[in-house]
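Hey, can you work out the whole structure from these sequences and the hints?
Residue numbers (this note's numbering), protein chains in the order written: chain F, 7 to 213; chain Y, -2 to 353.
All the given hints hold, so there is nothing to weed out.
Derived, one-sided and incomplete: chain F residues facing chain Y with beta-carbon distance under 8 Å:
(1) HIS66
(2) HIS67
(3) GLY68
(4) ASP86
(5) PHE88
(6) THR89
(7) ASN190
(8) ALA192
(9) LYS195
(10) PHE196
(11) TYR198
Residues from chain F that keep clear of chain Y, each with C-beta distances beyond 12 Å, as calculated:
(12) GLU22
(13) GLY49
(14) LEU55
(15) GLU106
(16) ILE141
(17) GLY144
(18) THR165
I should point out that these hints are in silico values taken from the structure, not numbers from a laboratory. For glycine and all other residues, C-beta sits at the position ideal for the given N, C-alpha and C.
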Amino acid sequence: MSEPLTLALPKGRLQEQSEAYLAERGYSITFERRKLVATDASGTIRIMLVKNSDLPTYVHHGIAGLGVCGTDVIYESGYDFFTLMQMPFGSTRMCLAAPEDLDPASCAGRLRVATKFTRFARDYFQRNGIAAEVIRLGGSVELAPVLGLAPYIVDLVETGNTLRAHHLEVVEELARIAVVLVANPAYYKFRYRSIDSLVDTLQGGAA
Amino acid sequence: MPHHNLHLPQGTEAFFLEEAYVHRKLVRAFEDLCELWAYLPVQTPVYDFYELYRGLNDRRRESSTYRLVDRAGDLLVLRSDITLFLARQMGLVLEPADLPVRVYYGDTILRHEDVHDISRNEFFQVGAELIGATGPDADAEIVMLLFDALDQWGATDVVVHIGHRALLSEHDHRDRLAPAVAHRDWPTVRKVLREEGLPEDRCDVLVELYRFIGSPDELTRLTSGRPDLGSGVRDAIDHLLYLTSEFAALGYADRVRIDLSEVGSQAYHSGIVFQAYAPDTSDAIASGGRYDGLLGHFGFDAPSVGFSVMLRRLQSRQAQDAGYPASSVHRLPEGDFRKRYAETRRRRAEMKERAP
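Here you go:
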């Protein structure tokens, strides 16, 4: 039997959805307690659980040949992968948000924006000819306008509940974010037949 | 500075003792092989005038080059790609009567690498170029030389993916199409083709082609009886089928795949393009192709085909297989110079006996 394909899954919310999706298509995975690596029952895929933001690094270095990851995280990494398919879960929006009562006139001049997604934000504003000052934060970005660090934030918005809880609102949707299956290009080239076969099975539904 | 004493600046590296020994053995094996194939060595300068190379690198490569200003105020660029520096030098020294010329090289390259991304750190290239020869005969020679080198290094599990730049040549948006095809980004490929005004059925045909990776038989099945391919595409496919039949006849059928998403990363590519992939490396270990217009850029118009190998990517995995384990550096007896001297004489005599 050939070597299993290596697939990195992000720990957390996407992990559960990815595992359920794979199980529906015949790739059941059971992780032993505290273990982060497991092979599915059919021996087709070796799964490794990694931190979401580290996933592109593992795939880029070929430690995992494949990965399930949001396009936001991939964009931030700056790495080039082959996108094999979009997963039918986890889609969200990247939005510019601000306090509900913000008077845009009070923010004349450079746009001051706090975000975890600095690469995305810089590129977006540059492409659109908007002078912006981007401040990097590690999380809880919605606090930035509340505490006075920056009037605007760029962040992922799903239901909008977090924004509303902090009296913020979406000013503009900047991009649709999808969860995708990606491959390290050299890994794909070497194993394209087995990877294409896996993608066919995943796209074809239950095995 | 004390805080700098444990690491080197990004973009360079050092290796020592056994590691350097193995590296040199691999380089020497390549040099010996090239000379068997009647290739002669060349040495390119470490830096050159930047303006000569402007526009030849893509944006990513351009941003990784080191530039400096010399005392006369000229902007210089450090050697970040030997192919470019070689093309310029060959343009200076060659005459039409010299062609064809076969050259090989092995040297350091100097370019910036991201401090957070050591995966692509590669500071040494070996390679070969066949200048002044065109057609399938020359293309076959250069790819077979690469196979021979891989075999010499014990890298017999490496596969070569070969494509053809001419599949893009009829399109006005080559600069946008090439990276999208190379990244197998089919939505963008389709978008670019549509923007060029191609009808939907023509887009379908081309996307199906660009997606193709497989054997010559599979490509023949895909493309036979298809007059809608166009003559330029047909010629490129026939060229690839001819080359792969040659490689198959020489026993390399399993080591080569036709891959029409291999279209070359640089604007100067023309004709065949190829990359070599190993099972356990995160990037291609060798790449090459035809660049017929490159020497002309430097004032000497001659077709050229060649390849370069990222030797350090191969080194760790191949050293043992190629018969160059570091442990083969024999130790000499310490403490008695006469004994060491006698031992070296004995080894030298042994070597002479073994020599043909």
